[in-house]
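Chains as they are written, first to last, in this note's numbering: chain A, -9 to 503; chain B, 88 to 271.
Derived by calculation from the structure, the hints in this document are not laboratory data.
All values reported here derive from a predicted model rather than from experimental measurement.
Check before you lean on any hint, since a few could be wrong.
Said to hold, decoys possible - Here are a few chain B residues that sit away from chain A, every Cβ distance over 12 Å (derived from the structure):
1) E174
2) K176
3) S207
4) S215
Claimed, not checked - Okay, the calculated beta carbon distance ranges per label pair:
5) A:M429 to B:E170: 25 to 33 Å
6) B:F208 to A:H252: 51 to 59 Å
7) B:P249 to A:D346: 20 to 28 Å
Quick reminder that beta carbons are idealized off the backbone N, C-alpha and C, glycines included.
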Amino acid sequence: MSAVVAEHDDHHADEHHDHGPAKGLLRWIITTNHKDIGTLYLLFALAMFFVGGTMAMIIRAELFEPGLQFVDPAFFNSMTTMHALVMVFGAVMPAFVGLANWQIPLMIGAPDMALPRMNNMSFWLLVAGVLLLASTLFLETGAPNAGWTFYPPLVLQPITVGKAMPFAVFAVHLLGISSIMGAINIIATIFNMRAPTMKMMDMPLFVWTWLITAFLLIAVMPVFAGAVTMLLTDKFFHTSFFNAAGGGDPVLYQHIFWFFGHPEVYIMILPTFGVASTIIPVFARKPLFGYSSMVWATGSIAFFSFIVWAHHMFTVGMPIAGTPMLFSIAFVVLFTMGGFTGLMMAIAPADFQYHDTYFIVAHFHYTLVPASIFILMAAGYFWLPKWTGHMYNEKIGQLHFWLSAISVNVLFFPQHFLGLAGMPRRIPDYAVQFADWNMVSSIGGFIFGASQLLFLYIVIDTIKGGTGEKVTNEVWEDASKHSLEWTLPSPVPYHTWTTPPLLVPTEHVLDSH
Amino acid sequence: MSEEDVSKKNAKLARMLLLVAVGMFGFGYALVPIYDVLCEWKWIERDRPDDIKKAPEVAYKVDMSREITIEFMTTLNESTPMEFRAEKKQLIVHPGEYHTVNYYAKNKTDKLMVARAIASFSPAVISSFFEKIQCFCFDEQTFQPNEAKTMPMRFVINPELPEQYKTITLSYTFFDITEKSVKK
Chain A
-9 MSAVVAEHDD HHADEHHDHG PAKGLLRWII TTNHKDIGTL YLLFALAMFF VGGTMAMIIR
51 AELFEPGLQF VDPAFFNSMT TMHALVMVFG AVMPAFVGLA NWQIPLMIGA PDMALPRMNN
111 MSFWLLVAGV LLLASTLFLE TGAPNAGWTF YPPLVLQPIT VGKAMPFAVF AVHLLGISSI
171 MGAINIIATI FNMRAPTMKM MDMPLFVWTW LITAFLLIAV MPVFAGAVTM LLTDKFFHTS
231 FFNAAGGGDP VLYQHIFWFF GHPEVYIMIL PTFGVASTII PVFARKPLFG YSSMVWATGS
291 IAFFSFIVWA HHMFTVGMPI AGTPMLFSIA FVVLFTMGGF TGLMMAIAPA DFQYHDTYFI
351 VAHFHYTLVP ASIFILMAAG YFWLPKWTGH MYNEKIGQLH FWLSAISVNV LFFPQHFLGL
411 AGMPRRIPDY AVQFADWNMV SSIGGFIFGA SQLLFLYIVI DTIKGGTGEK VTNEVWEDAS
471 KHSLEWTLPS PVPYHTWTTP PLLVPTEHVL DSH
Chain B
88 MSEEDVSKKN AKLARMLLLV AVGMFGFGYA LVPIYDVLCE WKWIERDRPD DIKKAPEVAY
148 KVDMSREITI EFMTTLNEST PMEFRAEKKQ LIVHPGEYHT VNYYAKNKTD KLMVARAIAS
208 FSPAVISSFF EKIQCFCFDE QTFQPNEAKT MPMRFVINPE LPEQYKTITL SYTFFDITEK
268 SVKK
């Protein structure tokens, strides 16, 4: 961030807007306040993290030993399918939208999101979409089980899909509409609601990464919606987009799907970069290195720029290491590993060995769990004191970190070996030579799953008062040099920036221009 | 800028972005013809019923030193009410030798049925070495109510088939396309 507040007449603003949140539960349903909606998104995402996590525990329990122990194969396949859908669309994406809702207006000096009513609708459509999806668990034919990518022809066959397929398609429609409305709102907020003195290149990197993500969402979510609509009409209205008998081609689906699917991974990772770029400089006590190049790098989604930036962050020295910083460092290291395994897959002849094995499972979990999930945790630790006015319990936070960071490797690292040895993904049983590493992986999985209960405890504990230590407005030393929200009182008042803040360029902003 | 101006600007931008989203939904559908065009440029090989060509009967030199096992599989997609099987489960051939395998198919309904067989090879690269001289898969097959047919497939394996392939699986799936061909 590149500016500080010169004058901000908080008391004055509060006098004019002294009405706080509405009383009662109805507040949470009809609210248009960006902080309330941000909280709803974050809590909903946390709940879905545990729902999706429970499904992962069922998967790892079944894979603990060779043979079929707990669940039948169709239900196992439902679990892998639903785990992915719930984690991607119910947990990771909504969590980042929640952060955007809370932080973007605070960081750019806007009183609220540009379209507050639409904001409310986005959230409740998300809930409706996820509930519609979850309701398929109670169909007699079970939840979707042909994989979250919905590949035809498998997904069109009644034996694999039962009655769940149209539910899943309409759920994707709702989730898509919700994401698109959220994205439109974020773009409108960033373009039109900034404090008058804040230029685009003054915005914190988190805001920039979300702006680019929002454009990606608008570009690709409709394509995904279109692809699943084609599946729906192929299934029920005798079109032949993917039906070979009618002149269609199942491979066409994969092309359309990955037009969405590849940008989708950036949708989940760009805000991650944004949060990491926010936390690390605060703890490193250095301004972000190469701000404008990061903006351009993010714009061009250049992965190597990211590594270069991380390298520069390491060398500046990091004197303090609270829990947010620990999670951020783990992200930099582990995400890089996920990136390298990705490079291995890009070697086409070698990919024949990796394709549809546990190597792929290990790769994308390394890019998602220690990246998006760890950074979301880091964001929680970083901003919870600001949002609630209470400090979290640092000891338990560090315990949560070390348990998570170690167990996530015990969980996913052996899956590289399993994949290279030829264990296929999405199969509930395996040959006995895979038994040892699967058991190790499952043990890691159970420890990782259980450790997340510590995070749940910390979130609840912090909301209720935490350590009782009163946090300062800055929370983290000199944080206000990096971004606007740290100049506001802690906890953040219900209404903020009703008068736009005045910005004065700091040394850093002069440096970066 | 007054509050009213800002909300007008917001609404305008939102409308524009919404239009982009709708446009992208259309783009998803536009990818269908784009895909066809790209495939016709021969960058991407793919098997389509229209592409299956009848091969001329060439007198190859039979390679007696090699034996290739061919497995014949038959499948029906879920909505095709037929019986369908190959007369042999497998056949051991020498490259360059001509063979004919008969397939049996029966319409199990009381209605006229038009069906089309789609081939699939495993490993997929085999398809260009597996030359069909005569095949029921070249055309749509029309079945009278409850009619049963025995249909030949005459083929040769091109002796240029690389050494490492010893077993080939040829699978046919019959698709009921009555509705589509009636519309035509």
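Against the structure, the hints come out as follows:
1. Against the 12 Å criterion, B:E174 stays outside the reach of chain A, whose nearest CB is about 24 Å from its own CB.
2. Separation of B:K176 from chain A is adequate, the least Cβ-Cβ distance of about 24 Å exceeding the 12 Å criterion.
3. Not every C-beta of chain A lies more than 12 Å from that of B:S207, the closest at about 9 Å, which undercuts listing it as non-interface.
4. The Cβ of B:S215 sits about 18 Å from the closest Cβ of chain A, beyond the 12 Å cut-off, so the non-interface label holds.
5. For A:M429 paired with B:E170, a C-beta distance near 47 Å fails the hint of 25 to 33 Å.
6. At about 29 Å, the CB distance of B:F208 to A:H252 disagrees with the hint of 51 to 59 Å.
7. For the pair B:P249 and A:D346, the beta carbons lie near 24 Å from each other, so the given range of 20 to 28 Å is met.
The structure shown violates the earlier hints numbered 3, 5, 6.
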